[in-house]
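Trainee: Here the structure of chain A is known, so what remains is to put chain B in place on it, guided by the hints.
Protein chains: 2
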Amino acid sequence: MKNTPLAIDVIETKTSNIDSVDFDNLVFGNVFADHMMECDYHDGQWQNPTIKPYGPIQLDPSAKVFHYGQAIFEGMKAFKDDDDQVWLFRPVANIERFNKSSQRLAIPEFPQDVFLEGLEALLNLDRDWIKKGFGNSLYIRPFVIATEKGVSASPSKSYKFMIICSPAKSYYSGEVRVFFADKFSRAADGGVGYAKAAGNYGAQFYPTNLAKEEGYQQIVWTDANSHEYLEEAGTMNIFFRVGDKLITAPTSDRILDGVTRKSVLTLAEELGIEAEVRRIKVSEIVEAAEKGELKEIFGSGTAATINPVRGFGNKGKKYELPQLEDSYASLLKQKLMEIQYNKAEDKFGWRYAVKKN
Amino acid sequence: MKNTPLAIDVIETKTSNIDSVDFDNLVFGNVFADHMMECDYHDGQWQNPTIKPYGPIQLDPSAKVFHYGQAIFEGMKAFKDDDDQVWLFRPVANIERFNKSSQRLAIPEFPQDVFLEGLEALLNLDRDWIKKGFGNSLYIRPFVIATEKGVSASPSKSYKFMIICSPAKSYYSGEVRVFFADKFSRAADGGVGYAKAAGNYGAQFYPTNLAKEEGYQQIVWTDANSHEYLEEAGTMNIFFRVGDKLITAPTSDRILDGVTRKSVLTLAEELGIEAEVRRIKVSEIVEAAEKGELKEIFGSGTAATINPVRGFGNKGKKYELPQLEDSYASLLKQKLMEIQYNKAEDKFGWRYAVKKN
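Taken in order, these protein sequences are the chains called A and B.
Letter by letter, the first sequence follows residues 1 to 357 in the UniProt record's numbering.
Letter by letter, the second sequence follows residues 1 to 357 in the UniProt record's numbering.
Just so you know, nobody snuck in bad clues.
Taking lysine-lysine and the DSS-like style, the derived pairs with C-alpha atoms no more than 27 angstroms apart in a straight line are: (1) Lys149/A <-> Lys131/B; (2) Lys355/A <-> Lys52/A; (3) Lys183/A <-> Lys281/B; (4) Lys132/B <-> Lys343/B; (5) Lys52/B <-> Lys149/A; (6) Lys14/B <-> Lys149/A; (7) Lys335/A <-> Lys295/A; (8) Lys149/B <-> Lys14/A; (9) Lys149/A <-> Lys169/B; (10) Lys183/A <-> Lys100/B; (11) Lys183/B <-> Lys183/A; (12) Lys157/A <-> Lys183/B; (13) Lys131/A <-> Lys149/B; (14) Lys149/A <-> Lys212/B; (15) Lys169/B <-> Lys157/A; (16) Lys183/B <-> Lys281/A; (17) Lys132/B <-> Lys347/B; (18) Lys131/A <-> Lys356/A.
It should be emphasised that the hints constitute simulated quantities derived from the structure, not laboratory data.
Quick caveat, the model's predicted, so the values are computed rather than measured.
Extracted from the complex, chain A is given alone in its bound form (with noise of 0.2 angstroms):
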């Protein structure tokens, strides 16, 4: 055990997974790296920040997050260079927005310098689980939950933060068809939408569920009110391509506020690609694919980078996309990753070069 400059403890595992991992076969999000951060709040403040072997954890069957889904999460990835260096991707962004989202969930905030001083020292204990080369990162799960023992729907008085670390290679694993929601809906004026609260998930299974027995992967969300307008996919912020100019709805309170979304409309920007942020109807999406003017649509995401939408669902009918040469998905996402994996210049300060220890 040994102290870094900000007190989080770290205790080194004695047997690493690593060898038992098939890389080149990775299913996203169901291997751990070796290590995880760890940080009780209790009595007002967070204590004792610490790293330690990836394992279980023990809670009160009536700890608050069973009960009233008091948790919030972000999602983040680190890179590996040529030269081994470890980046993060505008880690402060993710940070700023976990607190965001806490806050909203009524979850006290984590203190940014300790998250990414914890987050680089786990990064540096566990860097052999990143993976060189375009396409494989370390997806970074951090977390908060509530842990109070009590069932009266009251906030809790104490949280356990965590990051655990996963590799990853793609989110999907195959061609991605979406179906315009028409009848269920994921987040309401004034509600959580705009968060990252464990609760916006769940909620989307079922539906989702319904919408895959229709051959559709994903749900684009449409506003509560109307189902006239298109918002997004529950895990990704979605853009649409109609001519040659790219469309993506407004963040609003229903929607996030994706940091890849943002760094989609600046690279858009740069590559001289015209790009709007409005308000988007369905209407005027179906009627762009019936005229053949609808040439992409694709999703951004941490988790799913950017990811082209194959097709789409829309009141019982289905649309399918053409297969571009130049798209505009294929662009971003090289010039993205060609950022992300130091390649190219970094005009915008995206990348953070974790610090070895």
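Mentor: Then chain B, alone, in the frame of chain A:
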């Protein structure tokens, strides 16, 4: 260890905690009876229901409940009459709603017979935790959480069903005033508002904290589209008495179909109290309050029973309600409790006698 006819394993505790509990000074939901029921779902079925000593559970940090809020619960109560018979109140209604919530959260339904047999065995073991006398009860919290390891946003393949029990007196310890939501929302059309989904509760904590700062204990949620219609209070359905007429909102995919709510409507009919189930405008209630026609507001719920509301706030203005000699809330609560505690005839077949082992 012994097997009941339904193959529920029972492991009795060696040391009861009952002597450490001050039953006259209970805080709602923070002390638990000696035993709990547990049943795990894997390989496509619920397996090995077990009753065992109350204690912590162990989960992987990547368990889906922590990340995706795939979790639902119910609230029930057991009552003891003067002859030491233990009663449940409309348990099948709760079990049915439990499975309705499960379905919406893509959780496999739990078999009704195992639920009820297990609960009865549990109540027999912990029958000393159920105290006699109006207002005393054992609050029962059945719940299911997603336990599969993995941080990809898809339904879990494994689950844990549990029942834990907590001796209870009243849910709210002081007077309750409510705030009519005008900015935040609880549920979207097409969302999970009608389900007892864990995420529905955590999402209310922050707005409720803001309301508390203004002197309100609870929020009465309004429709997310316009905030013009009063819906439910998050932990209670809500009733308004204007003149001598009782009004409550219809259930919908945003509003919980409360068992106590249903029972109140039936009892009101029996008592000759005119009751309307229809959408209720905020403006109508404010106007009635200003004219002196708003006589009562009360909430109904298993935990809260029937809870009078002393006043409400709307758009920065506070309203106090008169204190009536002949309140509907008191009358309905009395009638309800007489049935629950076996002090009156059970015309509607609501009482369920817990079979002794």
